[in-house]
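Enquirer: Chains as they are written, first to last, in the working numbering: chain A, 9 to 159; chain B, 79 to 357; chain C, 215 to 600; chain D, 19 to 463.
It cannot be assumed that every hint is accurate.
Stated by the list, open to error - For each label pair, taking beta carbons as the anchor points, the in silico distance ranges come out as: (1) D:R187 - C:H574: 33 to 43 Å; (2) D:T325 - B:K239: 45 to 55 Å; (3) C:R310 - D:T325: 23 to 33 Å; (4) C:G583 - D:R187: 19 to 29 Å; (5) A:G87 - C:R310: 26 to 36 Å; (6) B:E169 - C:D288: 53 to 63 Å.
Calculated from the structure, these hints are not laboratory results. C-beta: ideal position from N, C-alpha, C; glycine also.
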Amino acid sequence: MREELSPRGTEAWQPKIVAFLCHWCSYAGADLAGISRFQYPPSIRVIRVPCSGAVNPFYIVKALQCGADGVLVSGCHPGDCHYLAGNYLARRKFALLKGLLEHVGIEPDRVQFSWVSAAEGQKFADVVKMVTDRVRSLGPAEKLVKRGRGR
Amino acid sequence: MRNPYLPDIARIEKIIQETAANDVKTFRVTFVDDEVRERFSYRPGQFSEISVFGVGEAPISITSSPTQKGYLEFSVKKMGVLTTALHHSAEGDLIGIRGPYGNWFPVESMEGKNLVFIGGGIGLAPLRSLINYVLDDENRGRFNDVTIIYGARSPGDLVFKWELEKWEKRRDIDFYLTVDKGDAGWSGREGFVPTVLMEVSPSPENAVTITCGPPIMIKFVIQNLLKLGFTPAQIVTTLEMRMKCGVGKCGRCNIGSKYVCKDGPVFTYEELQRMPQEY
Amino acid sequence: MSAQSPSALTKTLREFCAGLLDEGRVDVVVGFGRGTLPLRSTPVFARNPDDASRLIFDATCENNLSVFVPKLKDKRIAVVAKGCDSRWLNQYILERQTEGERLYVIGVRCQGVIDRKKLDAYLGSRRLLEGRLEEIRGQGECGEGLEGEGAGGTGGVEGAGGVKGAEGVEGARPGPGVSVSDGHIKWHLEGNDAEGRPWAASLDFEDLLSDSCKVCVKKGPVYADVVIGENGETVKGNGETAKGPEREPSFDDVKEVEGASIEERWKAFRSEVSKCIRCYACRQACPGCYCKECFVDRSAPRWIGGSDDETDTMVFHLMRAMHLAGRCVDCGACVRACPMGVDLGLLNRKLQKDGWVLFHHIAGFEREGKPLFGTFLPDDPNDFIL
Amino acid sequence: MAALKITKMALNSVLALMSERWDVFVPSPSPAPGGPSGFRLFEPRPMPAPGKPGPSERDSSVNRQTCDEDTLWNGTGQGGQKGRDRENHLPEERLPQFLRRVLTVKPLKELFFPRSEPILGYCVDGAFGGNGDGTGVSVFMPEGVLPGKPRVVFGARPCDAASLTVLDRVFADEAYPDDFYISRRKNTIIVGLGCNVPAPTCFCPATGGDPFGTAGLDVLAYDLPALDGDGSSQGHYLMKAVTREGEALLGFLSEAHLGEGPSESDERACMALEERARKAIAAGLPADTQSLGRVLGGIFNHPYWATLHEKCLGCAACTYLCPTCHCFDISEEPDPGASRSGGESPKGGPERPRLTGVRVRNWDSCMFPIFTLHTSGHNPRPTGLERVRQRVMHKFYYFPENFGAVACVGCGRCVKYCPVNLDIREVISHIAALGGTGVAESISA
């Protein structure tokens, strides 16, 4: 079934996931995952941000509108924020945004949040794998995706 | 189907950096289609809607003169979304152009008269079209004395320097170049354009003055012209407004009963006085 | 609308505001006046004692007047404030949009305001030429309006086309400052039908009540310099803010949607959004939308397109709601302002519910401190995070 | 065929028959705002088998009386069908009752000048340089923009139809004719429905209109109520042709034997309806708007504007719902995934750099601050004062000066839907009164 949704038809469909990674923890965690050669699916498109608290909920919605099949926002663990409380503040926004998107019918698994520290290369790989699996099982995003009208 | 919003494709042939800060560039463009190139005729003072595809459109006055055949020139200051995109263009890029739109400087009624051009900064762009038209060998005889007063904030902000040099050398015009404040390399005049205007003190007799520049400059230039005895009908300027359609429909350049894109952009001060002060 | 003697509340309001202006204690009173249509009010800016005679307060006073506060240049502003209006005035102070000293809050206890779209829906092709609120005394003679189920709403109209409904009127007391707790307040409507024949009906108060008013948690002001009561009495404010809602917020409507499947919810959202024409009446009517430049108006970067693309409209509504999360006081002004009948409450109320359930937060009850998103607790919900 | 009378019961069959030749538009139900929200394409139900006529008076005995419009109402109570199932599918036989609701929320202009429409599509190859030889950039008409099939609108009110004669002046001007609008105008036949009982917000006579005015219409229909003993349960529509196109339409229907010619008593009934409507609307009319320009010309700086705009919220409900407001924005809609530098191609699209997209025109409003905002930050109309003044001035002074007609048809939508009850009728009367007191002259002097 999923294969049919693949634009190329032959290989397994790979979702596109926009990942907003905080510079201090999760981005470094992703780096470590790479250096450590932990395998994870090539599904994410990383956008480095100074802090998860700097991720305006708008960015997430906008990513979905631009055709992301999923969005992952990852920051430092609570208490570890480089800016002291950025991730705590972000958490409230994300909790409400996640609820709102679900409320209007966006599949909850499309938007995910995680805390990944600079030392958690393996966790980063696991998170990406988990998020990718969940999004893959949902199939390509259809809702909220803006379609072109030109030729 | 007549689609008044369909632009013609033109190629950017040449990009000239005008100012030291590189915030003004002149684009010389040629229509890709020969037929369009033939058809596209305009008068000094008119403007075109320039498209950068994927970004949008903006009204830009045509700074070349109709006497310069085969191409159009637009001088653009980097201000908003469209002009920034245009500044990022390279020679050879393709853009869209529709027009020409709007009215033009009343060239016929200027014949036989003394012309006083007063420009400030990028405001020289629309004047330049008329200046070059008047200075063209075929036309020069139809006009009397030509005086040009042009200034900018600093030497680096002067535009069309490559052409100003030519004007300075011409003996059939009085050309006054000034900057608000000079720099180490500046040996020319210093002073605000309205002040220089009073120094030059052109006679209103049998004269028409054409002015364009920043609003604050225009304000004082007009005040001084009136002091010099010019009547509002002798003062011609060109207005800037936010525009979209260029064909008098979308409504945003509406001032009183006028649409700047259709009834303007060229107005005499006499006409402006009759219009609401909403520009 | 025929002349109706002003209610006790309105009388006191006029006298009181005339006094305030006369003494120069405020420069302007922002209140409501009688509008040009039946059951319609309009904002009034009274700057001298004579203007104050135009003021009214009743259940037609549907705007959230606090929206005018940031726009007014007057030094000292009095605002006739319902519960929800006063909550936004608090919020303005909390968000540092105005100084508390600049405001003089004239609190009025509100029984809820009319939703004109419900009235329109009820009227159909009939014309409303006159409308007023009446108190019906005596049990069992309530006329025949809609089924008065608070949570119903889909009930059909029976017998409302005739004049029968008015029969129950015994002693009509003008003005809505009356209590609805006995359920005997009626909207009295008169007009003519599509054939030009006269017509009259009487509807239960709840039938035309704005949805947000039905779940109102604070009918009176949360903070007031003075409160004018239903019978025209004035009570000086004690300079304190109400501690919290009068009753536990209820979110049955949100829960109902939450009970629907994800696809049903998506369908409902799409259907609501499809009505939107992007006139931004919701934004302009909302006291919370005071941004100098709205994200939809930004050109660089341009966040959302201006066409009728469905996803752009969706993003507009989602982000508008999100921007009001923790700030929206559920005054319903946006819903009432929308000419197209978009159910903006669908989004606003969900965020209120989550704010309440997850953070025990409800907006507009504080003048000091931090807004919901300006603060946090270490043990805020974390279980949704991987 | 100059006039044709059909029973309301036959309306459905009439519309269905028309649908064979035209795209037929009728007011569309939307229970939330309480009335028709706009116009929608009429989709005929499958026609009954030959020999069995469609709904007619004969089967009207089947409980048609219960089709009282009250039952059309879907309440919007809290906790009801909130946010769901609001797409009310109006049974077609209820259309006649539905049509009695005076006005759609969205004006008729929507069918000619949509809220949003692509005005061109573009395709740019090879980043922005094209193919290097001047080719590779093309602009074209986007598909599906212009209507193919000719159209009929049934049930437009005379004010809405009159608004088209206002819009014609803008879009069908000689210098820059706008074929998006013109082509739709040309291929649309408008059957109007006179207003038996105008709404309390109606004021068309003050703008030169009439509840039974024919400006902009091809056919004017009269809603003749059922009379005792005439055998119809709901009455008739008497349709009178206004233009040749209207005549042809009625001829087409007449050939299908869907109606009959009107009798003398029908004519009298029409006259009676007109008289009654005119009488009803006469009460509470504002001052006549046609001579308002004379006053407005002198009160540009009057203090009235400062008080008038104060309650205006600055939304576009009035302008978007106005049948004559025509300001628009042109905005770029590049296809997602396409970018200037090429970038990632859209899903399933070609892999080489290519920019595609459309340029769209959308309704815009002089009530918005950014409408006139220059890039420099300068705004010629910086506050609500200038913007509200512009709206009034444009409708009653500037537009008449340019086109010889006021840009208002008195439909009353802005009165009804203004969130703060800024009633244009009050404004009109106030301004007229300023003229009467000589204020205008003294100020302009």
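Enquirer: Which numbered hints does this structure break?
Expert: Violated hints (numbers, rising): 1 and 4; every other hint is consistent with the structure.
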